[in-house]
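Chains A and B supply the protein sequences, listed in that same order.
Residue numbers for the first sequence, in the working numbering: 2 to 522.
Residue numbers for the second sequence, in the working numbering: 112 to 781.
It should be emphasised that the hints constitute simulated quantities derived from the structure, not laboratory data.
It cannot be assumed that every hint is accurate.
Facing chain B, from chain A, some residues (calculated, C-beta under 10 Å) [claimed, not checked]:
{"hint": "1", "residue": "Val176"}
{"hint": "2", "residue": "Val177"}
{"hint": "3", "residue": "Leu180"}
{"hint": "4", "residue": "Ile228"}
{"hint": "5", "residue": "Asp246"}
{"hint": "6", "residue": "Ala292"}
{"hint": "7", "residue": "Leu293"}
{"hint": "8", "residue": "Val299"}
{"hint": "9", "residue": "Gly304"}
{"hint": "10", "residue": "Gln308"}
{"hint": "11", "residue": "Ala373"}
{"hint": "12", "residue": "Gly377"}
{"hint": "13", "residue": "Ile433"}
{"hint": "14", "residue": "Ile442"}
{"hint": "15", "residue": "Trp446"}
{"hint": "16", "residue": "Pro449"}
Glycine residues also receive a C-beta, built at the ideal position from the N, C-alpha and C atoms.
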Amino acid sequence: MIAAAAAAAGKAAGPEIDWAGLSPLIAVLGGALVVLLLGLVVSRTVRENVVPLLSIASLAIAIGLSVGQWGRREDLIAGALRLDELTLVLTVIFCVAGIATVLLSWRHVAPREAAHGEYHALLLTSIAGMIVLVAAQNLVTVFLGLELLSIPLYVLCATEMRRASSLESGLKYLVVGSLGSAILLYGLAFIYGATGSTDFAGIATALGGDGDLVTDPLLLTGLALAIVGLAFKASVAPFHQWTPDVYEGAPTPVTAFMAVATKAAAFGITLRLLDVALIEAAIDWAPPLAALAAVTIVVGNVGALGQSSLKRLLAYSSVAQAGYMLAGVVVASRLGLQATVFYLAVYVVMNLAAFAVIVARERETPLGDDIASLNGIGATRPLLAWPMTIAMLALAGFPATAGFIGKFYLIESSVNGGYTWLAVFIVVGSMISLAYYLKVIAAIWMTPSETEEGVAPVPAPLPGGDQPVLAGGSDEATGLRAQGEVIAVAVVFGALTLILGVVPSPLFDVVRGAGAALGLL
Amino acid sequence: MTSLKLFAWLTLLFPLAGCVTIALLGRRLPGRGAGYVGTGALVLSFAAAVATLLALLDQGHDHQQVVAVAYDYASSAGVDAELSLLIDPLSVFMILVVSGVSMLIHAYSISYMGSDRGYVRFFAYLNFFVFSMLLLVLAGNFLVLIIGWAFVGAASYLLISYWYRRTTATGAGIKAFVINVLGDVALVLGTFFIFAHVGTLDLLATFEQAREEFAPGDADLTAGVILLVVGAAAKSAQIPLHTWLADAMEGPTPVSALIHAATMVTAGVYLIARMHPLFELAPTAADVAAIIGVLTLLVAGTIAIAVTDLKRVIAYSTMSQIGYMIMGVSAGAYAAGLFHLMTHAFFKALLFMAAGSVIAAMAGQQNLDRMGGFRRAMPFTFGCMVIGGLALAAVPPFSGFFSKDEILLLMGDRGGWYWILYVAGYVGAFITGIYTFRMIFRAFCGEPVPEARALEEGHLHHAEVHTNPASGEVEDTDVGFPGPEHHIAEREPAMKLAMGVLALLAIVGGLVQIPKLTHVIDSFLEPTFEESALYHRELSDGLIGFGLVLGAVVGIAGVAVAYLIWVKNPDIATRMRAGLAPLHRLFVNKWYFDELIDALVTRPALWFGAWAQQTFERVFVNGLLVGGTTGVVRAGSSAVRAAQTGFLRYYALLIVVGMVALSLYFLLNA
């Protein structure tokens, strides 16, 4: 395409660039550069306050620019990227998650140790990678976006440099993540080899043109490898095992970001790759994906039982939720696409509420992310107790919360798409999930607190000696009470979970737009 | 149009706001603040209801059915679940009655509940009830209707069990709730029967569709409508689901006045009137409802002659009067049934308020046998009681006379077997006169009891030891029990005001609809019932004249008989009780309905439950199902955790194994 354009012009010319279409991406990348430079400023106020503020500003600008382009459907940069409602709605989701993450890490140890400039620049770069990934409609761009997303995350996981488990988490993620990326790249190469095109439209044409290609071993191997690579990013069983370890070790704000944004990005590209490029091969990939979804639902839900670490619990819960969302992908219909995007949005909201509460309690108690840190907060900290309760109920799919509507939508799409048995798995999985979600609620409301409230929490060593051995581990870092921004995140997203459960129609309208963008039936 | 919708929403939202405000801030309000907030919310709600009425009247005759949709909750899987209100003459009529009477009863409660330790909770519940009831009558589709229906039942439960440390009150609350839930289930099932055919939940659309979808007498529709009748009977305390209402008198007296006389128990009447297009398509179901109504009006009336608990007499009278309404609206006398609903709300609330005043003077004692001679001590209460009693006994020109007669006139006009209803209605009216004035004469005439004497001397009697009037158990006056102080209308302006307004309404309320002279309600409700063939009936002059005379004679005769028996010759009562001992036993034991339900339902269920618990539950459910599934899940959980070794090499291995398996699947399938 580029070559054709160049030939027509008679000289080597770059592709035409639609700056408006790229503007959200540019805003985020520009923000990354600015905060990276500002991080070098000596003034501590600038580093600790201006840098996060600017990060938030650039994300907010990106949200504004995305909303402003709602309804556009165009190819960008010679077809490397696609601007449509799916891209835009996911961009907004990433930026919202990014803003929440910046707020959660405002006074956290991680950016202090890793230097604020770097921490925020990495975060913004990762978001830029996500935007590229979900907009990609070319195999090369897919890989580019995936790596741009992943590499900053490997680093972010290890930003609490003096805590061994944080480093372990980063290293594990790096090693296993590289394996996943390699498999994906291999798969993409096979697909290119079989179809002779890296462009999604070209792949779709090749598959549609020749009936034999759908059974071509080269294509099928590539498909299998690509699915494994994406399943890895989305923590789909049996490729999920890094999830609990990495989630637990990483700094909690980073965990929150990974849990919500990475998953949304992985599902975004999965939807686009499968439903646009490989839609003709749906008879090939739908049944095994359905099997993976079922396995994921079971593994995630039973794995979460008996976890005492809240972050591990939510890690397994995120595995299970990935299984639910995969059901929307499996059916390869517009309804399924809408249900998946709806659930992604809701999933982000409810998880951010839960993680904000974990962050708050990590700072208030010496118990870390142990479930006991929530004991009795129903009586003492209603502003934390209610968002957590709502988030847990929503994750379990309780009526009147957004989670219920999301799950209902997914079940409806599975039944409509002929996968009733998968819908049964979703329901049974939800039943099992109540066992651990209600455990959290029981801790909040029914277990009396052991530590006396009002006494300034003492930074005591964690069981297992994982506490930072940093000499300057000031109580400012661990014993912060002034964390209004964390509570605000919890309250806002908790309220949003409830509001979207009672008034879901605006979100329905948004995902309907996203559903129309891919041209599915 | 927009202002109409806005006012309707405001009518609904003020009580909700009041409930939330009282619940959150009530304890911080000084003194009786919660009561004033609750009453203020109802005043605003009533004002909004009046504004809704005016806005509705501004609409042309053909545009008086307005649906206000707040938002679309979900429209998928073939369900159109919207949060919508239906504003039409019927619902506006209902919100006026509900918010108006509620407003007065709230005002009464400011004083009456004044010394109760649960004062704040009381008003939060009461406002919640009014919100639920308004939601029920304003519902624009079945979904919202069911929500309001269930909320109302829950509010009733909370308020019956309001004195939650009284075992009799909690027992009564549970009984009411169980029977109400039975009705809820019937309503949901009935809705499903209808929804399965018409494919929409919206009320107006359902009626429209039903006319095309169903032939008259369609079996599915009849089944669905009979289920609606069951729901209506449970909520409106009709035979055989009536037993909870008498027990519901365990709640505070304002609750009895508001929920168990004026508003909630009339929900069944509203339901039938609202669903009249369906009932007209299923005449069998409508006849069933009419028969239930006539049975209830006779049976409850006879019980009311025999029971000695002051509030229970009025409760049985309520059942009996609702029997008239159910009979009326089921047989096509829509405007008349709703007219009676309105006048009944006035005079029955008044009677309960007066009874509450007497009970307060008796320091909580409710037994008629221990009362007497309060006429001089409590002139205002006595006056109100007599006005309410005359209206209830349908003595002209009080309001009950016109409304009851209109129902019976239409029964007579329909002819055929409806003549049985016509005759039974007059028999019931005669009984009504007897029991109403039996109650009044026994409480207010004769020798003053010590409590009445004390009051004449200016001392309000206080029991030294507080006891539960139902069981005689000794209680204290802490939270969860009735408060230590009692308040009577003679001393409390707020109570006097509420009772005075209701007394006035009970006297003149009937004038809005006098046969041949005025027809305010008829013409106001006309747009709702426009399509109904039964609505536009011309009554013959002869029937009207005969009915009016007969009604007046029967009502006055009932009062006269009561006077003869309980004032003139008190020993007649004793002799009759001895002479008709079996009959008296039957009435006093409420026709043995409680025992019947106990023998037919409760005992077999308990027995079966015990048996199933011993065998099925222990072995199969607990052992196999629960133990088996949790065992499987637990084993799965430990397997997943065992695989989670923490070693990267295993993770990588599993990824590779998974990848190979997936690839093999693809290749083998190709």
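We went through each hint and held it up to the structure:
1. Val176: holds (6 Å)
2. Val177: With a minimum Cβ separation of about 6 Å from chain B (threshold 10 Å), the hint on Val177 of chain A holds.
3. Leu180: holds (6 Å)
4. Ile228: holds (7 Å)
5. Asp246: Because about 6 Å separates Asp246 of chain A from the closest Cβ in chain B, which is inside the 10 Å limit, the hint holds.
6. Ala292: Where the cut-off is 10 Å and the nearest Cβ of chain B is about 8 Å from Ala292 of chain A, the hint holds.
7. Leu293: Status holds, d = 8 Å.
8. Val299: Result: holds, 7 Å to nearest chain B Cβ.
9. Gly304: Because about 4 Å separates Gly304 of chain A from the closest Cβ in chain B, which is inside the 10 Å limit, the hint holds.
10. Gln308: Status holds, d = 8 Å.
11. Ala373: violated (19 Å)
12. Gly377: violated (22 Å)
13. Ile433: holds (6 Å)
14. Ile442: violated (19 Å)
15. Trp446: violated (18 Å)
16. Pro449: violated (24 Å)
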